[in-house]
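J.: So the sequence lines, in the order shown, correspond to chains A and B. Last residue of the first sequence: 757 (our numbering), numbering continuous. Last residue of the second sequence: 353 (our numbering), numbering continuous.
Among the clues, some could well be false.
Stated by the list, open to error - Straight-line C-alpha distance at most 27 Å; calculated DSSO-like pairs for lysine-lysine: (1) A:Lys-431 to A:Lys-245; (2) B:Lys-320 to A:Lys-431; (3) A:Lys-629 to B:Lys-131; (4) A:Lys-735 to A:Lys-722; (5) A:Lys-682 to A:Lys-431; (6) A:Lys-755 to A:Lys-733; (7) B:Lys-120 to A:Lys-629; (8) A:Lys-276 to A:Lys-303; (9) A:Lys-735 to A:Lys-474; (10) B:Lys-290 to A:Lys-647; (11) A:Lys-629 to A:Lys-276; (12) A:Lys-629 to B:Lys-290; (13) A:Lys-682 to A:Lys-755; (14) A:Lys-431 to B:Lys-290; (15) A:Lys-482 to A:Lys-381; (16) A:Lys-647 to A:Lys-303; (17) A:Lys-482 to A:Lys-279; (18) A:Lys-682 to A:Lys-733.
FYI, nobody ran anything at the bench for these hints, they're computed from the structure.
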Amino acid sequence: MKKVICILICILFTVGIFSGCEKKKDDGSAQVTLRWMTGWAEQKDREIVQEYFNEKLAKLLPNTKVEMFHLDDAAFALKMAAKEKIDITWTGYSHDFPTEISNGYFLELNDLIDEYAPAVKEEWESYSDAYASATVDGNLYALPIQQPIVHQTSFFQIPAKYNEYLDSDALLAECHNNYKTTEKVWQIIDEYFHNLINAGIFDNTGFYTSKIFSSIATRGYDFVESSESGGWLCYDAHAENPEIVSFCTTEEAKTFYKYAAKWYKEGIIPLDILTGSETTASGASTVAISSKSESWYNVDEERGVRYEYDENGEIKSYIYLLDDYDNLFTGSTIIGSMRTYNAIPFTAENPERAMMFLNLLRSNTEESNELVNILCYGFEESSDAAQKYGTYHYTLEEKEDGDHVAHGKGYVIQPDASSDYGMPHWKLTNAFLPYRTPNILDGQKEWAKDYLTNVVPNELYKTKLYHFTPNLAEDYSFELAQLSQVTGEYLELLYDGAMGDKWEDTYAEFEGKLKAAGIENILTVVNEKAQEYMKEN
Amino acid sequence: MKKIKFPRVMLHTVFIILCVIFIIPMFIAVMISFSTESDIITYGYSIIPRNFSLEAYKIIIQDSASLLKAYGITILSATVSPFLSLIFNGTIAYSISRPEFKARKIVTIYILITMLFGGGLIPSYILNTQVYGLGNTIWVHLILGLVSGSNIILFRVSFSQIPKSLIESADIDGANQAQILLHIIIPMSKPIVSMIFFTGFIGGWNSYATSMYYISDKNLYQLQYYLKNVISNSEFIRQSFAEFGLKGGEDIPFQTLKFAICVASSLPILMMFPYIQKFFSKGIAAGSLKE
Numbered sequence: 221m222k223k224v225i226c227i228l229i230c231i232l233f234t235v236g237i238f239s240g241c242e243k244k245k246d247d248g249s250a251q252v253t254l255r256w257m258t259g260w261a262e263q264k265d266r267e268i269v270q271e272y273f274n275e276k277l278a279k280l281l282p283n284t285k286v287e288m289f290h291l292d293d294a295a296f297a298l299k300m301a302a303k304e305k306i307d308i309t310w311t312g313y314s315h316d317f318p319t320e321i322s323n324g325y326f327l328e329l330n331d332l333i334d335e336y337a338p339a340v341k342e343e344w345e346s347y348s349d350a351y352a353s354a355t356v357d358g359n360l361y362a363l364p365i366q367q368p369i370v371h372q373t374s375f376f377q378i379p380a381k382y383n384e385y386l387d388s389d390a391l392l393a394e395c396h397n398n399y400k401t402t403e404k405v406w407q408i409i410d411e412y413f414h415n416l417i418n419a420g421i422f423d424n425t426g427f428y429t430s431k432i433f434s435s436i437a438t439r440g441y442d443f444v445e446s447s448e449s450g451g452w453l454c455y456d457a458h459a460e461n462p463e464i465v466s467f468c469t470t471e472e473a474k475t476f477y478k479y480a481a482k483w484y485k486e487g488i489i490p491l492d493i494l495t496g497s498e499t500t501a502s503g504a505s506t507v508a509i510s511s512k513s514e515s516w517y518n519v520d521e522e523r524g525v526r527y528e529y530d531e532n533g534e535i536k537s538y539i540y541l542l543d544d545y546d547n548l549f550t551g552s553t554i555i556g557s558m559r560t561y562n563a564i565p566f567t568a569e570n571p572e573r574a575m576m577f578l579n580l581l582r583s584n585t586e587e588s589n590e591l592v593n594i595l596c597y598g599f600e601e602s603s604d605a606a607q608k609y610g611t612y613h614y615t616l617e618e619k620e621d622g623d624h625v626a627h628g629k630g631y632v633i634q635p636d637a638s639s640d641y642g643m644p645h646w647k648l649t650n651a652f653l654p655y656r657t658p659n660i661l662d663g664q665k666e667w668a669k670d671y672l673t674n675v676v677p678n679e680l681y682k683t684k685l686y687h688f689t690p691n692l693a694e695d696y697s698f699e700l701a702q703l704s705q706v707t708g709e710y711l712e713l714l715y716d717g718a719m720g721d722k723w724e725d726t727y728a729e730f731e732g733k734l735k736a737a738g739i740e741n742i743l744t745v746v747n748e749k750a751q752e753y754m755k756e757n
Numbered sequence: 063m064k065k066i067k068f069p070r071v072m073l074h075t076v077f078i079i080l081c082v083i084f085i086i087p088m089f090i091a092v093m094i095s096f097s098t099e100s101d102i103i104t105y106g107y108s109i110i111p112r113n114f115s116l117e118a119y120k121i122i123i124q125d126s127a128s129l130l131k132a133y134g135i136t137i138l139s140a141t142v143s144p145f146l147s148l149i150f151n152g153t154i155a156y157s158i159s160r161p162e163f164k165a166r167k168i169v170t171i172y173i174l175i176t177m178l179f180g181g182g183l184i185p186s187y188i189l190n191t192q193v194y195g196l197g198n199t200i201w202v203h204l205i206l207g208l209v210s211g212s213n214i215i216l217f218r219v220s221f222s223q224i225p226k227s228l229i230e231s232a233d234i235d236g237a238n239q240a241q242i243l244l245h246i247i248i249p250m251s252k253p254i255v256s257m258i259f260f261t262g263f264i265g266g267w268n269s270y271a272t273s274m275y276y277i278s279d280k281n282l283y284q285l286q287y288y289l290k291n292v293i294s295n296s297e298f299i300r301q302s303f304a305e306f307g308l309k310g311g312e313d314i315p316f317q318t319l320k321f322a323i324c325v326a327s328s329l330p331i332l333m334m335f336p337y338i339q340k341f342f343s344k345g346i347a348a349g350s351l352k353e
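Put together the whole structure using the sequences plus the hints.
T.: The structure is reproduced here in C-alpha cells:
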C-alpha cells in the first residue's frame, strides 16, 4: 500500500511540475503590450506618436499595444544578462550580431514565421540572400531590414584643386584591371603626394591612413563576418579553394606598411597621427581620404569617378571608384545592409504576438504601410492626428509615376535627435514598403528590388565562402580576445607608418605576438570549418 | 624701497610659466569651440579663431528644453545624492568610530568586505531594476552609490581623531548621540565633509553611465549623456551626408562641437573649483596623520 501511495504522490508531483509547460497558442485575445527597442535616439513627440500609432494598431492587431524605447548599444548586453523583458529589438552593425546569436540572445524564428507570419515567409522566399545573412545552421534569428544597399565600393577622394597632380587614368586602370591592390597603386598615390610637395602645395592637415589601409589595401579580400574580426580574418574572394588568413600578414598589408612608413618619414603622414582624430577628414580639403562604403548606387552608371559639388555647382572633389568591374563579388559581408535587423530576444514575454506585429508591418497593405509611415515619420501634414495635436512631421508628395515621397520636417536625408520626429526606415522595418525621404530612395524602389532579387544574385560572383559565418566565440574566446588585443596594439602603428624605418622589426614582433596569441590555432579551426562549409554548399 | 629677492622672482616665474602651461590648453579649447569647422580642418587648432562662430553652441541648445532638463537632472543628482550620502555615510561612520559600540569591529569588517568584493554590474543592475524598481525613475540618480565603504572609512578615521574629552564633556552636559554628532563631530570634521560632498558632486556631474544603463526616458537623461548623444547624432548626420553624396555635410560642426560640449559640461565645475579647492586639500589630508 505504501508503495502505491509513493508512486501516486510521485505521479502527482510530476504532473504538477509539468502542468505549466503546455505551450498555448496566441489567439490574439489577451491584451499585450510589446516592448520594442528601436535603437534610435528618443524623439521629441514620441509619446503622442506612439499613442496615435497604437490607436491605428488596435484596428489591425486587436489587443496589442507597442511601447517603443531607445537603448544605448552598450546597454543591450546588460539588459539581456539581466533578462529584462524586451519583445522586439533592433540589432545590426553596431552590435556584434554573430556573438549575440551565439550568446543565445535571440529566439529561432522559423516556427514562429510558419505559424504567424505569412508575409514574412513570402519575403523570406523573395529575398533569400538577405535572410541567409541572419541564418545560422538553418535557423533564422532575425528579420533583415532591407535597404537597397548592395555593393561595396572602395574609393579614393581628393580635392578638385589637386586633381591635376594625380595620374588618375593610371590609378583607375591599375585598379580596374586587378581585383587586388598592387604595389603600383601605392606608387601612383606616392607620386601624387610628391607632385604636391614639389609644387609647394602639400598640406597634410586632416590626412589619416587607417581608412586608406582598410578600404584600398583590402580590395579583393572578403572578410569573414563574425566576431573573429580581431584577427582580420579574410580570404581571397576569387580563389577556387580559399584559405582563410589574417589580413594583417598578407603581402598587400605589408606593402602598405612599407609605404606608410615611408610617408611618415617624409612628413606626408602627420607626426601626431597616433593621437589625432580622423573624423575631421573632408574630401574637399584633405589631401586624400578613402573609404569602402556600402552603397546603393548603381555601379553600372557610375564607373570610375563621381564628383562632389559645392554650392555654386563647381566640382569640389573627385571620388575615384577603385572597383575591378569585371571581378565584382559578393561574399559574407558584401551583399549589403544585412546588418540591420529586427530580432525577438529570448526575454520576450510575447514572442508570438511580436511576430504577428512584425508580419503586419511587412504585409504591404495600405493600412500597414500607414503604420510604418507613422513609425518612421510621425504625423502626415494632412492627417487627422496633425489636426488633433496641432503638429505634423512630414508632408507627402505624389510623384508622376504614382510613387510617393515623404518630406520630413527639419531634415533632408535622415532625421536626427533634434528633429520633431522621425526614425530611419533601417531601424524599423522593410525600407521598400513605406514612403521614402526624397534623397534616399526617390524613384529607386523598383530598381532596388530588382537589383537585390535579380542583379546581385545573378551577376555578382559569389565567393566560395558566401555567407560563411563561423562561430568561434564560444570555444576560442580567450584566443580571440588575445588576438584582438595584439592587433589593437600593433596594427595602428604599422598602418600609420609611425615606426618609420623600424617597421619591419615591429612587423616581425607583431607576427610573433599573433602566433603567441593563437592565430595559427584559430586559422586551423576556421579553415576546417570553411572546408566543411564548402563541401556542404 | 623693498628689495626684490632673486629666489622669490624665480619662484614666481616658474609658477607663472606653469599657470600658462595649464591655462593655455583650456583657453584653446574654449577658442576652438568658437571657431568654424572648416577653419579647424584647413588650418588646424589656433589660439585665436580666424572666424568667430557660435554654430557649435547653436547645436547644443537646439533642443533647449531637453538641455535644461538634463542640466536640472544633473544638478539634482550632483547635489542631493552627495548630501544624502553624507547623512548615511556619516552616521554609519560615527557609530563605528565610538568605542562603546560593541559590534563595531564586525561592522567595519563587513564594510571592508564590500570594498574588496563588488557585486558587479549585472547583479547590481538586476537588484536596482528588478528588486528595487529604480529603472527609468529619478530615484536611480539619487540612490545609486549612496553608501560607500571608502567614504565611511574616511569619515571614521577623521571622527576617531577628535579628542575623546570633547565627546565626554558633551555627554556629561547631557547631549545625546545625535546632538554630539551634529554639534561636535560634524563642525570639527568640515574638511572631510566638504571633500566627500564635492567628490560626490563632481562624480554626479560627470556621470553618464547611470543614464546609459538605467534610463530610456529622455526627460531623465543626465547632462553628460545628453551631450554624448548630441555628438553621436552630429557624427551620424555627417556620415549620412557623405554616404549619400550630399553637399554641406562637412559644414556640420564636429570638432568645434566636441570642444563646445567640453566647455558646456565643465564650465560650472571650473567656476566652482577655486572656492572649493581648499576643502579638497584639507579633506584629502584629513585622516592621513596618526596621533
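J.: Hints first: check each against the structure and report whether it holds.
T.: Status of the hints after comparison with the structure:
Restraint check for Lys-431 (chain A) and Lys-245 (chain A): not satisfied, since their Cα atoms lie roughly 51 Å apart, outside the 27 Å limit. Between the alpha carbons of Lys-320 (chain B) and Lys-431 (chain A) the distance comes to roughly 22 Å, so the proposed pair stays at or under 27 Å and holds. Distance hint between Lys-629 (chain A) and Lys-131 (chain B) is fulfilled; the C-alpha atoms sit about 24 Å from each other, no more than 27 Å. Between Lys-735 (chain A) and Lys-722 (chain A) the alpha-carbon distance is near 20 Å, which keeps this suggested pair within the 27 Å criterion.
Of the pairs offered as hints, the one joining Lys-682 (chain A) and Lys-431 (chain A) holds, with about 25 Å between alpha carbons and a cut-off of 27 Å not exceeded. The suggested pairing of Lys-755 (chain A) with Lys-733 (chain A) is violated, with an alpha-carbon distance near 33 Å, which exceeds 27 Å. Taken as a hint, the Lys-120 (chain B) and Lys-629 (chain A) pair is honoured in the structure, with Cα atoms around 18 Å apart against an allowance of 27 Å. Proposed proximity of Lys-276 (chain A) and Lys-303 (chain A) is contradicted: the alpha carbons are some 30 Å apart, above 27 Å.
Distance restraint check for Lys-735 (chain A) and Lys-474 (chain A): the Cα-Cα separation of roughly 17 Å lies within the 27 Å cut-off, and the hinted pair is therefore satisfied. In summary, the hint linking Lys-290 (chain B) to Lys-647 (chain A) is supported, as the alpha carbons are separated by about 20 Å, within the 27 Å threshold. With a CA separation close to 22 Å, the supplied pair Lys-629 (chain A) and Lys-276 (chain A) stays within the 27 Å bound. Note on Lys-629 (chain A) and Lys-290 (chain B): the hinted pairing holds, with a Cα-Cα distance of about 24 Å set against a maximum of 27 Å.
For the given pair, Lys-682 (chain A) sits about 15 Å from Lys-755 (chain A) by alpha-carbon distance, which is consistent with the 27 Å threshold. Between Lys-431 (chain A) and Lys-290 (chain B), the direct Cα distance comes to roughly 24 Å. Compliance with the 27 Å bound is thereby established for this hinted pair. For the suggested pair Lys-482 (chain A) and Lys-381 (chain A), the alpha carbons sit about 25 Å apart, so the restraint of at most 27 Å is met. Note on Lys-647 (chain A) and Lys-303 (chain A): the hinted pairing holds, with a Cα-Cα distance of about 23 Å set against a maximum of 27 Å.
At roughly 67 Å between alpha-carbon atoms, Lys-482 (chain A) and Lys-279 (chain A) are farther apart than 27 Å, so this suggested pair is violated. The straight-line distance between the Cα atoms of Lys-682 (chain A) and Lys-733 (chain A) is roughly 34 Å, outside the 27 Å bound, and the hint therefore fails.
When the structure is compared with the earlier hints, violations turn up for hints 1, 6, 8, 17, 18 and for no others.
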